[in-house]
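The whole structure should be built from the sequences, with the hints applied where relevant.
Number of protein chains: 2
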Amino acid sequence: MQALVTEDMARVNETILARMHSPVALIPQLAGHLIASGGKRLRPMLTLAGARLIGYEGTRHTKLAACVEFIHTATLLHDDVVDDSDLRRGKDSANVLWGNKPSVLVGDFLFSRAFELMVEDGSLKVLRLLSHASSVIAEGEVLQLSISNDLETPEESYLQVIEAKTAALFEAATQIAAVVGERPENEEVALASFGRNFGIAFQLVDDALDYSAHQATLGKSVGDDFREGKITLPVILAYRRGSEDERDFWKRTIEDMDQKDGDLGHALALMDKHGAITDTIERARHYGAIARDALAIFQDSKTRQLLNDIVRFCVERAY
Amino acid sequence: MQALVTEDMARVNETILARMHSPVALIPQLAGHLIASGGKRLRPMLTLAGARLIGYEGTRHTKLAACVEFIHTATLLHDDVVDDSDLRRGKDSANVLWGNKPSVLVGDFLFSRAFELMVEDGSLKVLRLLSHASSVIAEGEVLQLSISNDLETPEESYLQVIEAKTAALFEAATQIAAVVGERPENEEVALASFGRNFGIAFQLVDDALDYSAHQATLGKSVGDDFREGKITLPVILAYRRGSEDERDFWKRTIEDMDQKDGDLGHALALMDKHGAITDTIERARHYGAIARDALAIFQDSKTRQLLNDIVRFCVERAY
Chain A
370 MQALVTEDMA
380 RVNETILARM
390 HSPVALIPQL
400 AGHLIASGGK
410 RLRPMLTLAG
420 ARLIGYEGTR
430 HTKLAACVEF
440 IHTATLLHDD
450 VVDDSDLRRG
460 KDSANVLWGN
470 KPSVLVGDFL
480 FSRAFELMVE
490 DGSLKVLRLL
500 SHASSVIAEG
510 EVLQLSISND
520 LETPEESYLQ
530 VIEAKTAALF
540 EAATQIAAVV
550 GERPENEEVA
560 LASFGRNFGI
570 AFQLVDDALD
580 YSAHQATLGK
590 SVGDDFREGK
600 ITLPVILAYR
610 RGSEDERDFW
620 KRTIEDMDQK
630 DGDLGHALAL
640 MDKHGAITDT
650 IERARHYGAI
660 ARDALAIFQD
670 SKTRQLLNDI
680 VRFCVERAY
Chain B
370 MQALVTEDMA
380 RVNETILARM
390 HSPVALIPQL
400 AGHLIASGGK
410 RLRPMLTLAG
420 ARLIGYEGTR
430 HTKLAACVEF
440 IHTATLLHDD
450 VVDDSDLRRG
460 KDSANVLWGN
470 KPSVLVGDFL
480 FSRAFELMVE
490 DGSLKVLRLL
500 SHASSVIAEG
510 EVLQLSISND
520 LETPEESYLQ
530 VIEAKTAALF
540 EAATQIAAVV
550 GERPENEEVA
560 LASFGRNFGI
570 AFQLVDDALD
580 YSAHQATLGK
590 SVGDDFREGK
600 ITLPVILAYR
610 RGSEDERDFW
620 KRTIEDMDQK
630 DGDLGHALAL
640 MDKHGAITDT
650 IERARHYGAI
660 ARDALAIFQD
670 SKTRQLLNDI
680 VRFCVERAY
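Residue numbers (this note's numbering), protein chains in the order written: chain A, 370 to 688; chain B, 370 to 688.
The hints are all genuine.
Identical chains share a label here; the pair holds if one copy fits it or two copies do between them.
Here are the simulated lysine-lysine pairs, DSBU-like style, with alpha carbons at most 35 Å apart:
1) Lys409 to Lys642
2) Lys642 to Lys620
3) Lys599 to Lys629
4) Lys494 to Lys409
5) Lys599 to Lys460
6) Lys432 to Lys494
7) Lys629 to Lys642
8) Lys460 to Lys432
9) Lys671 to Lys494
10) Lys599 to Lys409
11) Lys460 to Lys642
12) Lys409 to Lys460
None of these hints come from the bench; they were simulated from the model.
Take a look at the structure:
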């Protein structure tokens with residue numbers, strides 16, 4: 370997929386570099402650290418691939434893909450502050466290197482810059498989609514905070530959180546491709562549905578991988594979510610399916626945040642016992658299937674196959 | 370002035386309350402705490418008064434005034450996190466009551482919501498002005514961070530900071546009144562100039578008042594900026610005009626942040642000795658005069674007089 374959109378992505382990267390510039394040196398330094406640190410550029414790639422799928426031949430999509438990446442980067446910067454994270458993409462996170470203050474403010478800058486770029490593009494519809502996605506993301510992050518350390522969180526609330534904090538931007542990223550291409554309603558709906566369902570699958574897998582040894586090879590630490598007492602589906606399932614004793618373990622470690630050496634190992638064993646990881650990936654597989662079926666209205670093409678493959682790859686990487 | 374725009378302001382408040390709503394209860398709770406806590410609503414008032422000045426008779430200005438207040442509130446929430454402030458408008462600040470995390474995220478929410486409101490209004494020009502103002506504000510905040518605790522900061526850099534973090538939003542708030550009223554270029558320029566220069570004067574006075582006993586009566590604590598080691602004009606002037614011994618005092622307290630009982634009192638005495646507060650207010654008077662002259666192209670009216678009075682009042686309140 371990356372090969373298919375290489376040229377477009379080079380233009381996205383140019384826009385990103387040009388537009389994160391500021392005479393205030395700390396801004397490009399900090400933003401550059403994160404943006405250049407080998408992110409997958411998954412969200413802008415969705416915009417580019419969506420544009421290619423519908424045969425769009427203009428140039429607006431690369432600028433808008435850069436907006437999507439700016440919004441994503443802004444939320445990462447704020448997330449790392451909110452989560453007190455130490456690592457991001459295998460490197461020290463910006464809040465560790467520069468402190469929380471610049472991370473908050475540079476996030477604000479990138480976010481504003483994204484809107485400036487959209488205004489330059491001039492489509493009110495794109496502005497509506499991305500401003501709405503942004504407020505949904507923030508709402509989702511606050512909701513996530515409200516349920517933090519609460520083991521009684523129903524699966525539905527968890528789903529609501531990931532729909533908001535992850536899927537909303539995936540959805541907008543693919544939908545705007547149809548908007549710039551001025552495609553009929555049904556294609557816009559299909560691309561939006563692809564993005565949303567892929568986003569849910571992606572986050573489910575991400576949350577599963579946080580409890581998987583694979584993580585270490587991706588430059589992420591295993592068990593970050595556990596140490597933060599984050600309520601993700603693996604924990605929800607292991608807790609609900611657990612015995613009284615097991616639930617006491619989860620209450621001590623996740624609710625009371627009283628964690629000792631060996632607790633992460635025990636948590637992994639309990640998850641394994643109850644199939645919590647496997648079933649989280651099963652849920653991801655469900656949404657992945659919906660995403661792929663959403664694209665069925667488009668003629669078969671290399672791009673469609675590749676979009677399908679990327680969803681499949683996302684789910685498979687968990688094995 | 371408040372009487373003159375009472376009805377419009379009631380509509381602004383309705384919009385604010387309706388649009389800060391969210392099913393995630395923490396959002397309206399936290400936002401409501403700040404928004405309802407007796408802020409002056411100075412920035413939205415500037416939009417309303419500007420609209421009245423140019424004889425605008427539509428209804429768009431109240432919604433856009435609410436956007437301006439949302440952007441301002443978002444920056445206050447992030448500011449208090451960045452500054453570790455305990456008080457805001459005489460009450461515990463949101464970061465003290467709810468912690469830093471929700472303050473960052475609810476700020477993001479209000480910011481996104483502001484853009485959603487602007488998109489509903491539908492003017493790309495307004496969107497351009499306010500998205501630009503937002504990125505200038507963030508840039509200014511980062512610049513302020515870069516010069517923090519640096520006593521060698523030239524007055525020009527300080528001015529750059531307050532132009533960005535305060536005056537840019539004042540400017541946009543008044544300018545959009547001319548935009549919705551579809552007034553000729555010269556009126557738009559005049560209103561923008563009024564806002565910008567008033568904003569600079571306002572911040573200068575604010576920074577002077579932080580070292581003034583008046584503060585206590587306004588529900589703010591005296592010497593917050595001193596305790597944070599913030600570089601504002603009173604400190605810049607007192608340091609530059611000080612003796613070698615005095616400069617050592619400033620270096621210890623502001624650069625090394627090594628503060629003891631009695632240091633604030635000594636700082637106030639040094640400022641008094643060198644006229645640092647009086648001259649900060651003199652600088653404010655200069656910008657206030659430019660702001661008032663900018664309005665000279667408009668026919669004399671009750672609104673124009675009141676806009677002039679508010680600038681005069683802002684500077685006079687420092688005495």
